[in-house]
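Listed below, chain by chain, are the residues.
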Amino acid sequence: MLSHLKRFFLAPSTGEPLAFFRIAIALLGLVQGGWLAGSITLLYGANGLVPWSISSGIVDPYMPQLSWLQPLANATGIAADTWVYVLMGVYLCSLMVLLVGKFTRYAAFIAWALQFTFINTGFMAAYGVETFMHIALFYCMLMPVGNVYAWDNFSRHTKPVANEWNTLSIRVLQLHLCVVYIASGVEKAMGIQWWNGEAIWQTLMQGQFARFDMHWMASYPLLAKVIGWSTLLLEMGYPFFIWWRRTRPYGYLAIVGMHLGIALFMGLQLFSSIMIIFNTAAFGWPYLQRAYKTIVQPLRERKRLQRAGQLATQAFWHQYE
Amino acid sequence: MISIKHGCWIGLAIFHLTIAALHAAHLEEWTTHKSWWLKQITAYGDYTGSGNIFSFFAPHIGNEIAVVYTLADGREQRVTRLESSNTECNRRIQTIYNFFSIDEAQSLLAKSCAAYMLRENPSSQMVRVTVIGKRVPDMAAYRAGATPKWEPFLVKDFKKRPTTL
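Read top to bottom, the protein sequences are chains A and B.
Quick note: the first sequence uses my numbering, first residue 2, plus one each step.
Quick note: the second sequence uses my numbering, first residue 4, plus one each step.
Pulled out of the complex, with its shape left as it was, chain A reads as follows:
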């Protein structure tokens, strides 16, 4: 039993998937921050759409929130919203530092604390992407995400070292994803709309999600039903097909395809991206690496050979001119 547990959690592996996780999460956070930069006061400001006076009354007092800045604003005479901008700036800087892998744990801690403060204040405006960003930044703080491809440990000649902490971290990511998908699938399955296809139809008819004119789907209810059933199958079956090595690559591709579909048809690009990042770090990295080795690397080799051939030809003609 103990040996099984040890093999499952502690068999050494390299930290590349975790480095990918760090870099991709930091990049996504920067994109999200940049995207919302012009709307900070509306979403998080002291007198935003949901003002601090309301959010602080709803959020538990032990949760960090932007209303804690009010005494500082009063003491300094600087507007509270200016401090919100300062905090957003610090958050984006910490993500930059996390991205390059310098002072990784400190950067992750600052990013996690500030993101938590922002989502507590703007909890009414938050959706799935904030939920998973919070989870990801907490993991970046604790997991060895800065051991590879990081400024702190950068060297062109050292290869990633395998250790047990990488495996333990990946296992936590994997198991957490299984919890997420099975819970999400079961909750969907409890409503009739996912079984009869109405969930798909209703979603695509909403202006907030619709990217294309999908009225035609009413004439093909079977299609809506098949998409609904596929979603249930993918989410509730996730722990099974993603864990079995034979079905894993197909399962990974299917789940990535589902999230790409969500991004394309519902416009939830940030949410889809973060789910693809989680899935790739937890399960998909070996396939991504294999695809790189079999497709991209030979192409680059061929390009290099062509270039070497051109240089050799030039040198030859130059010598005999």
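Keep in mind that the hints are not guaranteed to be accurate.
Stated by the list, open to error - Straight line, CA to CA, 30 Å or less: simulated DSS-like cross-link-like pairs of lysine-lysine: (1) A:Lys226 - B:Lys159; (2) A:Lys304 - A:Lys103; (3) B:Lys152 - A:Lys160; (4) B:Lys152 - A:Lys226; (5) A:Lys103 - B:Lys8; (6) B:Lys137 - A:Lys7; (7) B:Lys159 - B:Lys137; (8) A:Lys7 - A:Lys160; (9) B:Lys159 - B:Lys114; (10) B:Lys137 - B:Lys152; (11) B:Lys162 - B:Lys114; (12) B:Lys163 - B:Lys114; (13) A:Lys304 - A:Lys294.
Think of the hints as simulated: they come from the structure by calculation, not from any bench.
Position chain B against the provided structure of chain A, taking the given hints into account.
Just chain B now, kept in the frame of chain A:
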């Protein structure tokens, strides 16, 4: 053999994932009384991200909600909506509006939306907040000729308080 250090970290990982699973199974709704232990577990979940439920679009899809503001300054009035060219910002505004589907939240949310609009439009003296929901017929009804309908379900007027001298 597993060392003590390894054992501790595995134990922590299992604890964390158990908390995540319990929250995903709506732990907080199991009992009406919130014991001291439940409060600590909730706090742990909030801080670590293991305290989430994952009921995205479940168990059913709610109606789309929109808010129309009618601003008046005593001489004329205009109808407007709060949206920009920034799609990600609009999505968040929409997420806030979705709270109008909760009866208890309606009054407070309408008040805060009105206050925001009056601050953003200082010349306006009054604002009417009209919350409308989009009812999409099911596929069979749509095929039979029914069409999606926007229906107002909350209308509230707010006036600027006269400033005291």
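**Item:** Given hint Lys7 of chain A paired with Lys137 of chain B - CA-CA distance at most 30 Å
**Value:** Not satisfied, since the Cα-Cα distance of roughly 54 Å exceeds 30 Å.
**Item:** Hint consistency between Lys304 of chain A and Lys103 of chain A [alpha-carbon to alpha-carbon, up to 30 Å]
**Value:** Measuring from Cα to Cα gives roughly 33 Å; hence the hint is violated.
**Message:** With the threshold set at 30 Å, check whether the alpha-carbon distance from Lys137 of chain B to Lys152 of chain B stays at or below it.
**Reply:** holds (6 Å)
**Message:** Hinted pair, alpha-carbon criterion (30 Å max): Lys159 of chain B, Lys137 of chain B. Please report holds or violated.
**Reply:** holds (19 Å)
**Asked** Does the alpha-carbon distance linking Lys152 of chain B and Lys226 of chain A stay inside the 30 Å limit?
**Response** holds (23 Å)
**Prompt:** Holds or violated: are the alpha carbons of Lys103 of chain A and Lys8 of chain B at most 30 Å from each other?
**Reply:** holds (26 Å)
**Prompt:** Is Lys159 of chain B within 30 Å of Lys114 of chain B, Cα to Cα?
**Reply:** At roughly 8 Å apart (the allowed maximum being 30 Å), Lys114 of chain B and Lys159 of chain B satisfy the hint.
**Asked** Keeping to a limit of 30 Å between CA atoms, is the pair of Lys152 of chain B and Lys160 of chain A held or broken?
**Response** violated (61 Å)
**Item:** Restraint check for Lys226 of chain A with Lys159 of chain B, where alpha carbons must lie at most 30 Å apart
**Value:** Not OK: Lys226 of chain A and Lys159 of chain B at ~40 Å, beyond 30 Å, violated.
**Asked** Going straight from one Cα to the other, do Lys7 of chain A and Lys160 of chain A come out at no more than 30 Å?
**Response** holds (25 Å)
**Item:** Proposed proximity, Lys114 of chain B with Lys163 of chain B (alpha carbon, max 30 Å)
**Value:** Within the cut-off at roughly 12 Å; holds.
**Request:** Verify the proposed pairing of Lys304 of chain A with Lys294 of chain A, using a straight-line Cα cut of 30 Å.
**Result:** holds (15 Å)
When held up to the earlier numbered hints, the structure conflicts with 1, 2, 3 and 6 and fits the remainder.
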